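Visitor: Sequence:
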Amino acid sequence: MSRREGVHRVDPTRVAWRQAGDEVVVLDTARSVYFGLDRRAALLWQRLVDGATQHDLVTTLMDDAAVDRERASADVTAFLDDLHRHGLLAGA
1 MSRREGVHRV
11 DPTRVAWRQA
21 GDEVVVLDTA
31 RSVYFGLDRR
41 AALLWQRLVD
51 GATQHDLVTT
61 LMDDAAVDRE
71 RASADVTAFL
81 DDLHRHGLLA
91 GA
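Position 90 of the sequence shown, counted from 1, bears residue number 90 in my numbering, the numbering being contiguous throughout.
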């Protein structure tokens, strides 16, 4: 099982975030870099904050975007990879 397949946690020592309508603004406090998340990414972000697993995120995206599991899984994997690459998740 890769790190992407388990539970992912937002790194509270490095990240501050706020809901802005149906979007989320994330601040990497270590580098003073902002990230804007659109509605679907914001939905996945909130689920991460609530402790969702990758499987939960895939199901959420399938329901919200009306896509099949394969597409949702690929999109969630890309989303998590981006968050890890930018150091926004604990253990990244």
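Heads up, a few of these hints could be off.
[Said to hold, decoys possible] Just the calculated beta-carbon pair ranges, DEER-fashion:
(1) Gly21 to Gly51: 21 to 27 Å
(2) Glu70 to Ser32: 33 to 39 Å
(3) Thr29 to Asp68: 19 to 25 Å
(4) Thr13 to Thr53: 32 to 38 Å
(5) Arg31 to Arg69: 33 to 39 Å
(6) Gln46 to Asp81: 17 to 23 Å
Hints are computed from structural coordinates only; laboratory data are not their basis. Computed from a prediction, not measured in an experiment: that's the story for all the values here. For each residue, glycine too, the CB sits at the ideal point set by N, CA and C.
Visitor: Determine for every hint whether it applies to the structure shown.
Guide: So, going through the hints one by one against the coordinates:
no., hint, verdict
1, Gly21 to Gly51: 21 to 27 Å, "24 Å, holds"
2, Glu70 to Ser32: 33 to 39 Å, "37 Å, holds"
3, Thr29 to Asp68: 19 to 25 Å, "37 Å, violated"
4, Thr13 to Thr53: 32 to 38 Å, "22 Å, violated"
5, Arg31 to Arg69: 33 to 39 Å, "35 Å, holds"
6, Gln46 to Asp81: 17 to 23 Å, "19 Å, holds"
In this structure, the hints that do not hold are numbers 3, 4, in rising order.
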